[in-house]
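Asker: Chain by chain, the residues run as shown.
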Amino acid sequence: MQYIGLASQTRKNNLNSILLLIAFPALLLAMCYAIIFFSSEQDTDQVNKYFLQIIPFVLVGVGIWFLIAWAGHSTFIKLATGAKSLERKENKRVYNLLENICISQGMKMPRLNIIRDDSLNAFASGISDNTYSISLSSGMINKLDDDELEGVLAHELSHIRNRDVRLLIISIIFVGIFSFVAEMAFRSLRFSGRKSSKDSKGSGVIVLIIIAITAVAYLISILLRFGISRNREYLADASASEMTKKPYALASALRKISADPMIEAVESRDVAQLFIDNPKPSVHKSASWDNLFATHPPIEKRIALLEQFA
Amino acid sequence: MALLIVIGILVLISIWFTSLYNKLVRLRNRRQNAFADIDVQLRQRHDLVPQLVDTVKGYASHEKELLLRVTEARTAAMAATTIDDKIKTEQQLTAALQGLKVQMEAYPDLKANQNFLQLQEELSDIENKLAAARRFFNGATTEYNNAVESFPGNLIARNFGFQRELFFDLGEDTRRRMDEPPKINFGNP
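Respectively, the protein sequence lines represent chains E and C.
Each residue of the first sequence is one higher than the one before, counting from 0 in numbering that gives the first Met the number 0.
Each residue of the second sequence is one higher than the one before, counting from 0 in numbering that gives the first Met the number 0.
Hint data in this document are derived by calculation from the structure and do not stem from the laboratory.
Bear in mind that the values here come from a model prediction, so they are computed numbers and not experimental data.
Accuracy of the hints is not assured; some may be wrong.
Label pairs and their computed distance ranges (CB to CB) [what the hints assert, rightly or not]:
| id | chain 1 | residue 1 | chain 2 | residue 2 | range |
| --- | --- | --- | --- | --- | --- |
| 1 | C | Asn137 | E | Met183 | 30 to 36 Å |
| 2 | C | Asn137 | E | Ala25 | 44 to 50 Å |
| 3 | E | Asn129 | C | Asn112 | 38 to 44 Å |
| 4 | E | Met183 | C | Ser123 | 55 to 61 Å |
| 5 | E | Ala25 | C | Glu148 | 47 to 53 Å |
To spell it out: a stretch of chain C is covered by chain E in this simulated footprint if at least three of its residues, at any positions, have a beta carbon under 8 Å from a beta carbon of chain E; those stretches are [to be verified]:
| id | segment |
| --- | --- |
| 6 | 121 to 129 |
| 7 | 132 to 139 |
Virtual Cβ for every residue (Gly too), placed ideally from N, Cα, C.
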């Protein structure tokens, strides 16, 4: 019997993936329109004409970006997290555990990566059957016993099966576009600031407007991303216990992980959402801010729920 | 008008009938595919058994009967072609191997043999994978059986040769052995 809500979660994820695929280019186009509108004479006809001209360029640009990210995301993520491929002969134990869960679920086995870091964390990534992978820190492999490790692997496997991973990767790719544009805008501000008085005052104002609009779009894109249900962690915990029949093992694994989830190699917050527990605990102490931008539900609550489940 | 309604109803019924029939076919195929996973592990176990028997022979030559039983069970299992036959013969092989394992506890020399230890480890790895594959297969079988036996699937199932299928469980022999308390010999062997 499958945990109730899992099938609908998968469907919701597939739908959200498609919505994101539509929403992000739309947001980008809206941003372009706003920039054109405020930086030109604000003559609607002129603006519309110009906007129609640049639409194909923007869409082709997004398409190219997306194709590159689609093809190279596993390499990028490996670089961003410092993960390396793990060979079967290097660690037979992990391979056996993962293989057995996959067989019992009738799933294709994802690749295995290792992050050489003594703390405990793990994540799943990938978009298709060929690119799905699970990465474990070496601390995870060394400090957890077989049952606990099995629980963690099952948790990551259910992220893959529920299509959480694909949705997240797509959103990360798009947010990447906005952070890229935002960075470009800030660079151009610094650049134009250096040139200072030689240009007319108008151009400085325009750059400021561009920055403001880009910042708004960036913020919206981030909120869209975090709007993606955080329930997925609870659901993945539940379906992992469904797979292994050992919720206690996963609870005790989470307890060990919560003591030390910091992965020093992970510098970008963009990939934080992938992990089983946040690898970069928030520096902001204000609760509401934390809730809005939290990548993970509180681990204590997850442990409590798992123990109830048992 | 009445004719159109009748035709409409007939079309609806045939669509419904087709989808039900296709569902049964899909579930039956899924069960068969799930067995392919099991088959991979079974074949590896077949390959391993002769090596195991050869190794044991050198240390425990008077366990001839036991070894013969294992070899015969393997031959029978390899000869089986249908899923049902395979399930039955493999249950016997599992039971025979289990018996061998228990008996080997009495041979400390054998248990110190590197080759034997490695074979044992490989065998237990295969058994673990077999257990996992069996879980998936039995899940698929449950789903199929439910569809075959519950209304309205049973109406179609009866007329088109879909029937309740076997689970792949441990088999009575093995289960009985596992329920027995282990024999402990305190005296001289």
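Asker: Confirm or reject each hint.
Answerer: Hints and how they fare:
| no. | hint | result |
| --- | --- | --- |
| 1 | C:Asn137 <-> E:Met183: 30 to 36 Å | violated, 57 Å |
| 2 | C:Asn137 <-> E:Ala25: 44 to 50 Å | holds, 47 Å |
| 3 | E:Asn129 <-> C:Asn112: 38 to 44 Å | holds, 42 Å |
| 4 | E:Met183 <-> C:Ser123: 55 to 61 Å | holds, 58 Å |
| 5 | E:Ala25 <-> C:Glu148: 47 to 53 Å | holds, 50 Å |
| 6 | 121 to 129 | holds (count 3) |
| 7 | 132 to 139 | holds (count 4) |
In the structure shown, a violation is registered for the earlier hint numbered 1 alone.
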